[in-house]
Amino acid sequence: MQASAPKPSITPSITARHLPGDLAVWFFIFAELAVFGILFIGFGVARSLDPETFSAGRQLLHPWTGLINTIGLITASYLVAVAVHRLRDRQPAVTLMLWGAIAASCIYTFGKVWEYADLYSNGYNLGTDTFFMFYFFLTFFHFMHVVLGQIILVILAVKVKKGDYNGDDMNGMESGASYWHMVDLVWLVLFPMLYVLA
Amino acid sequence: MLAVYIVLMACTMTPVIAMQAGAEASVLVWLVFALVIVKAVLLVDHFMEMRRAPAGWRFATQAWAPVVILALAVIHWVN
Chain A
1 MQASAPKPSI TPSITARHLP GDLAVWFFIF AELAVFGILF IGFGVARSLD
51 PETFSAGRQL LHPWTGLINT IGLITASYLV AVAVHRLRDR QPAVTLMLWG
101 AIAASCIYTF GKVWEYADLY SNGYNLGTDT FFMFYFFLTF FHFMHVVLGQ
151 IILVILAVKV KKGDYNGDDM NGMESGASYW HMVDLVWLVL FPMLYVLA
Chain B
1001 MLAVYIVLMA CTMTPVIAMQ AGAEASVLVW LVFALVIVKA VLLVDHFMEM
1051 RRAPAGWRFA TQAWAPVVIL ALAVIHWVN
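Line by line, the protein sequences are chains A and B.
Using our numbering, you'd call the opening residue of the first sequence number 1 and step up by one each time.
Using our numbering, you'd call the opening residue of the second sequence number 1001 and step up by one each time.
Just so you know, not all the hints are guaranteed correct.
Unchecked claim - What follows is a list of derived Cβ distance ranges for each label pair:
1. A:Asp-164 / B:Glu-1024: 15 to 25 Å
2. A:Phe-137 / B:Gln-1020: 52 to 62 Å
3. B:Gln-1020 / A:Gly-123: 24 to 34 Å
4. B:Glu-1024 / A:Val-158: 41 to 51 Å
5. A:Gln-91 / B:Ala-1025: 20 to 30 Å
6. B:Ala-1071 / A:Leu-96: 13 to 23 Å
7. A:His-18 / B:Ala-1025: 24 to 34 Å
No lab work stands behind these hints, which were simulated from the structure alone.
Ideal placement from N, C-alpha and C gives every residue a C-beta, glycine not left out.
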């Protein structure tokens, strides 16, 4: 009697160690993290040279707006992580999770635009002082990454809806998700650095 | 996953609430440093799924936030 071959798992959950997403995306992610890391250390050095200016600048920011922005980004990251799990396990509502993540991330983009408009209308800009130079440069650089991440999430949602991503090959989905989480990771340091520590 | 999300939310709100409540600046700084590291490790391991990645990649990704925070902490401490 022949031994029956083991049945393939219905849910292709990961058991072996593997890097989520494409290797090239990870080189890009590390390059981005290195750039942000250097900028953050530059901020720390500049602050140590002129703590009064940084403290005065920080008091003009809106910590609750920063907090709401952070909640938006973390919620988006959570929904993206759930979407990846659902796609891998071939569960429904992956597109819904991705659109939910895009909506949650829009809390950040609207909050940031409102904050820029408020500061600008009160006469603060890139040339005001060292604190605002760092504030506008760092946050706008990060903002551009968020917008790129949102575009990637829209592409992922459309591809999942069309059936291009169906859980057979997770590379595209994991690559997009990893980029999004990198954007969130950077904000987790940037938010307290600007709004609490400065 | 939901538990990680809730912990991340709590860690995010704590320093802002502490600041609004008038926490001492020296305490707040170290609280923020510690919470950022906790949040970064949770995000990398659970949301990025790096706990299933090869050890070197996982370590490199997890190390980013602690290295940046350590540098900021040293700059802060020196001054």
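So, going through the hints one by one against the coordinates:
1. A:Asp-164 / B:Glu-1024: 15 to 25 Å: 54 Å Cβ-Cβ, so the 15 to 25 Å window is violated.
2. A:Phe-137 / B:Gln-1020: 52 to 62 Å: 27 Å, violated
3. B:Gln-1020 / A:Gly-123: 24 to 34 Å: Taking Cβ atoms as reference, Gln-1020 of chain B and Gly-123 of chain A lie about 26 Å apart, which means the hint holds.
4. B:Glu-1024 / A:Val-158: 41 to 51 Å: Given a distance of about 50 Å, which is inside 41 to 51 Å, the answer is holds.
5. A:Gln-91 / B:Ala-1025: 20 to 30 Å: Between Gln-91 of chain A and Ala-1025 of chain B, where Cβ atoms are some 47 Å apart, the hint is violated.
6. B:Ala-1071 / A:Leu-96: 13 to 23 Å: 40 Å, violated
7. A:His-18 / B:Ala-1025: 24 to 34 Å: The hinted range 24 to 34 Å is violated for His-18 of chain A and Ala-1025 of chain B, with Cβ atoms some 44 Å apart.
Hint check: violations occur at hints 1, 2, 5, 6 and 7; the rest are consistent with the structure.
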